[in-house]
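*Asks:* Protein chains in written order, with the working numbering: chain W, 21 to 121; chain G, 48 to 221; chain A, 433 to 522.
It should be emphasised that the hints constitute simulated quantities derived from the structure, not laboratory data. Treat the hints with caution; some may be incorrect.
[Claimed, not checked] From the structure, some residues in chain A lie toward chain W, with a derived Cβ separation under 10 angstroms:
no., residue
1, L451
2, F464
3, G469
4, T478
5, V486
6, V495
7, S505
Just so you know, these numbers come straight off a predicted model, no measurement behind them. For each residue, glycine too, the CB sits at the ideal point set by N, CA and C.
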Amino acid sequence: MTVLVVLLLAAGLFFHAVAALGVLRLPDFYTRLHAVSKAETLGMLFTLAAIIVWIGPSLTAVKVALVGVFVFMATPTSAHAIGRAALRTGLKPWRRRGGSP
Amino acid sequence: MSELVLAGLLVLLGALALVAVSAADLLIAAIALGAYGFALALVWAALGAPDVSFTEAVVGAGATTVFFLAALLRTSRRRSNVPNPQRLVALGAVLAVGLVLLVATRQLPLWGDVGAPPSTHVSPRYLERTLEETLTPNAVTAVVADYRSYDTLIETLVIFTGGLAGWLLLARPR
Amino acid sequence: MRIEDAFLGVTVALLGLVLVYLFRVAVGPTVFDRILGVSALGTTTTIILLLVGVLYDRIELFVDLSLAYALLSFVGALAAARYFEQTGDR
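Hey, can you work out the whole structure from these sequences and the hints?
*Replies:* If you want it as structure tokens, here you go:
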């Protein structure tokens, strides 16, 4: 059980780190949005799973799972909304200099 | 360890406040203020005050951002130019008040001091008597909504008046 | 190693990652990057609140805050998106 919790925490931290790395290093807004909305949702799910396993079955565990459900719905929704707003106001996606996309 | 985290967060708070104040684009200022709210919520959580942290996150980071964005939608994103003498007067006033507050902070009891007056008679009084006097299990709720109900009522009135005034000023004529 | 140390390590690491998002909020370059930073910050804060609850052994209190917070944290991003859809300038 301890091993499972540590593994889940490590997996969650890995995906969070990937999200942050993407936000830091990728070249434009759309690629950063892509990185953060997917990787962070996955990292969040792993971290919440670790917490649920650690505290065991209880009402609190159900609430932690509900947090996961809400974030799972909210993050893609807001990512989609910002991405669409950026596209409609004419923000051009990044292209490699001189080459084909 | 936790003091290091706290110090880092406080430095961040200062940086975000500077971004919010110095941005020429008011939309960027509003967004930076939202991030400031999230960082402040983390500070409260690290200090062990989850309910304050929660209020800060919901009001400071959530609702305030939405209100500012709604106001910007109906006004302008550009900052109007205040004449320089006026800005200097404002800067002087802010610095003077800040200095007074800094000096006054030294008079406050230390954080978590059990010998401080609030910890010796105010808190025990409410913690011991709240349940029998108000039949409310949460002492904070009892203080806000029961012992200080007039205060809370008039606070609500102030917020309502503010909201009404904002709506009257910003509502678009049809 | 106690398992609390693992939770503490993840919490501190996530606080480090918060710096990256705050960097995006402060630097941009476009205003959308700043909104993205704030919304990622909201998700991370939700999780950090839960982890702090585990560390302080008061998870049953912190989970309620985190739950309500998860419901409200994305309204800022939605409001900003609506602002751009209505005005069309960035």
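*Asks:* Take the hints in turn and mark each one as holding or not.
*Replies:* Status of each hint after checking the structure:
1. L451: holds, 9 angstroms
2. F464: With Cβ-Cβ at 5 angstroms, under 10 angstroms, it holds.
3. G469: holds, 7 angstroms
4. T478: holds, 6 angstroms
5. V486: holds, 6 angstroms
6. V495: Hint on V495 of chain A: holds, closest Cβ of chain W at ~4 angstroms, below 10 angstroms.
7. S505: holds, 7 angstroms
When each numbered hint is compared with the structure, no violation occurs for any of them.
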